[in-house]
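With these hints in hand, go ahead and build the complete structure from the sequences.
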Amino acid sequence: MKKKNVRILLGILFAGLLIGLSAVYYVFNMPRRDLSKEKAMYQMEASQLVADFKKDENGATTKYLDKAISVSGEIKAIRTLDNHSVVFSLEDAMEGVSCTVDSAETVKNKARLEELKVGSKASFKGRCSGMLMDVQLINCVPD
Amino acid sequence: MKKLLLFAVVGMFFSTLEAQNIYFTKDAKINFNSSTPLEDIVAETNQGTTFIDIVKNEVKFSVLTTSFKFRRALMEEHFNENYMESSKNKEFAKAKFSGTITSPIDWKSEKKVTVEVKGDFTMHGVTKPITLQAQITPGKSGIAATAEFRIVPQDYNIAIPAAVQDKIAKEVTIKVDANYTLYQH
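Line by line, the protein sequences are chains F and Y. Converting from the first sequence to the working numbering requires adding 10 to each position, the first position being numbered 1. Converting from the second sequence to the working numbering requires adding 1 to each position, the first position being numbered 1.
The hints are simulated quantities; they were obtained by calculation from the structure and are not laboratory data. Don't take each hint at face value.
[What the hints assert, rightly or not] Selected chain Y positions facing chain F (Cβ under 7 Å, derived; list incomplete): (1) N47; (2) T67; (3) L75; (4) K91; (5) A94.
[Stated by the list, open to error] Below are the DMTMM-like pairs computed for lysine to aspartate or glutamate, each with C-alpha atoms no more than 25 Å apart in a straight line: (6) Y:K61 <-> F:D66; (7) Y:K97 <-> F:D62; (8) Y:K70 <-> Y:D41.
[Stated by the list, open to error] Derived Cβ-Cβ restraints for the label pairs, each shown as a range: (9) F:P41 <-> Y:T103: 45 to 53 Å; (10) F:D66 <-> Y:R73: 27 to 35 Å; (11) Y:K171 <-> F:K131: 44 to 52 Å; (12) F:D66 <-> Y:T103: 30 to 38 Å; (13) F:N39 <-> Y:A164: 13 to 21 Å; (14) Y:K113 <-> F:L91: 17 to 25 Å; (15) F:R42 <-> Y:T103: 36 to 44 Å; (16) Y:P130 <-> F:N68: 20 to 28 Å; (17) F:L31 <-> Y:K112: 51 to 59 Å; (18) F:I29 <-> Y:P130: 45 to 53 Å; (19) Y:E117 <-> F:D66: 33 to 41 Å; (20) Y:R73 <-> F:N93: 17 to 25 Å; (21) Y:S99 <-> F:L31: 44 to 52 Å; (22) Y:A164 <-> F:S130: 45 to 53 Å.
This one's a predicted model, so the numbers in the text were calculated from it and none came from an experiment. Glycine included, C-beta positions come from ideal geometry on N, C-alpha and C.
Here it is, written out as structure tokens:
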């Protein structure tokens with residue numbers, strides 16, 4: 011009888027340990043945010059996002075930083091970086107919204123991105139990382 | 002009439018001069034390394050915005066801390082939430098450098114030169130004076146520049162918990178690689 015209790019206790023402990031370890035393992039190797047699976051928290055015109063940052067950069071940083079945002083506007087410039095990610099500048103090449111599409115996403119969305127030219131209207135969903143000269147959205151996917 | 006023409010010519014000369022002394026890029030590569038034998042900690046971003054004024058010999062740099070990419074998503078989270086506190090306000094969301102090239106430099110030489118740059122580095126809301134070495138190669142269509150410097154996180158009020166102290170280097174090495182083109186507004 012006593013032996014059986016010990017065995018059950020050991021079993022529970024072992025199961026707990028296994029669950030704990032796999033939780034630690036999962037958090038440690040946590041996958042990156044996949045913006046294509048996330049719902050945009052804010053949906054707006056690129057010009058509106060820029061206006062919000064220009065009006066109150068501190069407030070806008072707190073409000074938008076790290077949030078999934080979907081912006082639309084006219085493409086003013088397209089450039090490919092050394093690491094094969096592509097940056098689309100919306101509304102203004104210098105002080106608009108810069109949407110960076112990571113190299114992996116450019117492969118996945120090849121057909122859709124190839125249609126986009128300077129002058130065409132586009133919409134991107136990305137994670138806002140703040141404002142330098144332009145407001146920056148990173149990890150973007152075409153929306 | 003002649004005077005007016007002279008004014009116009011001189012004015013034009015200065016306005017073109019004004020437009021041609023600033024070089025910039027929004028795609029500067031910045032990485033930092035605080036690895037120890039226990040843990041590899043490297044992060045990189047391609048989103049540094051920087052300007053060089055070749056008349057005043059001034060350099061400006063800024064980068065958003067959330068744009069740094071680490072090996073693990075968890076490291077990115079810790080970096081922004083625990084160490085940089087990026088979402089606190091706009092000062093915490095950026096790292097900035099503003100300085101002056103103090104060594105002589107000939108912007109027409111098209112030769113690689115090593116120069117000294119003195120200025121202020123701001124991170125985590127703290128500004129400190131720093132001096133660093135940079136390699137600058139002026140070219141026909143632009144300017145290429147690289148730099149490397151070290152900072153101590155504690156100087157910028159970044160507290161590293163005792164539990165991970167041995168995993169994070171006491172000094173962080175920051176490397177910058179930028180290709181500037183003429184700034185046209």
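Here's how the hints hold up against the structure:
1. At a threshold of 7 Å, the smallest CB-CB gap from N47 (chain Y) to chain F is about 5 Å, leaving the interface hint in force.
2. Because the smallest distance between the Cβ of T67 (chain Y) and any Cβ of chain F comes to about 4 Å, under 7 Å, the interface hint for this residue holds.
3. A distance limit of 7 Å between C-beta atoms decides the matter here; for L75 (chain Y) the minimum to chain F is near 5 Å, and the interface restraint holds.
4. The interface hint given for K91 (chain Y) holds, since its Cβ lies 5 Å from the closest Cβ of chain F, which is under the 7 Å cut-off.
5. With a least beta-carbon distance of about 4 Å to chain F, the hint placing A94 (chain Y) at the interface is held under the 7 Å criterion.
6. Of the supplied pair hints, the one linking K61 (chain Y) and D66 (chain F) holds, its CA atoms being roughly 22 Å apart against a limit of 25 Å.
7. For the proposed pair K97 (chain Y) and D62 (chain F), the alpha carbon gap of about 22 Å is at most 25 Å, so the pair holds.
8. For the suggested pair K70 (chain Y) and D41 (chain Y), the alpha carbons sit about 13 Å apart, so the restraint of at most 25 Å is met.
9. Between P41 (chain F) and T103 (chain Y) the C-beta distance comes to about 46 Å, which sits within the given range of 45 to 53 Å.
10. In this structure the supplied range 27 to 35 Å holds for D66 (chain F) paired with R73 (chain Y), their Cβ-Cβ distance being about 34 Å.
11. For the pair K171 (chain Y) and K131 (chain F), the supplied restraint of 44 to 52 Å holds, since their beta-carbon distance comes to about 51 Å.
12. At roughly 37 Å, the beta-carbon separation of D66 (chain F) and T103 (chain Y) lies within the given 30 to 38 Å, and the hint holds.
13. Here the CB-CB span from N39 (chain F) to A164 (chain Y) is close to 20 Å, well matched to the stated 13 to 21 Å.
14. Our hint of 17 to 25 Å for K113 (chain Y) and L91 (chain F) holds, since their Cβ atoms are close to 23 Å apart.
15. Separated by about 41 Å at the C-beta atoms, R42 (chain F) and T103 (chain Y) satisfy the suggested range of 36 to 44 Å.
16. In this structure, P130 (chain Y) and N68 (chain F) meet the distance hint of 20 to 28 Å, their C-beta atoms being roughly 25 Å apart.
17. Evaluation of the 51 to 59 Å hint for L31 (chain F) and K112 (chain Y) yields a pass: the beta carbon distance comes to about 58 Å.
18. Range check, I29 (chain F) to P130 (chain Y): about 52 Å between beta-carbon atoms, so the 45 to 53 Å window is met.
19. Range check, E117 (chain Y) to D66 (chain F): Cβ separation about 38 Å, and the 33 to 41 Å hint holds.
20. R73 (chain Y) and N93 (chain F) have their C-beta atoms about 18 Å apart, which keeps the hinted 17 to 25 Å range intact.
21. At roughly 48 Å, the beta carbons of S99 (chain Y) and L31 (chain F) sit within the given window of 44 to 52 Å.
22. The hinted range of 45 to 53 Å is satisfied by A164 (chain Y) and S130 (chain F), whose Cβ atoms lie roughly 51 Å apart.
Hint compliance for this structure: every hint is met.
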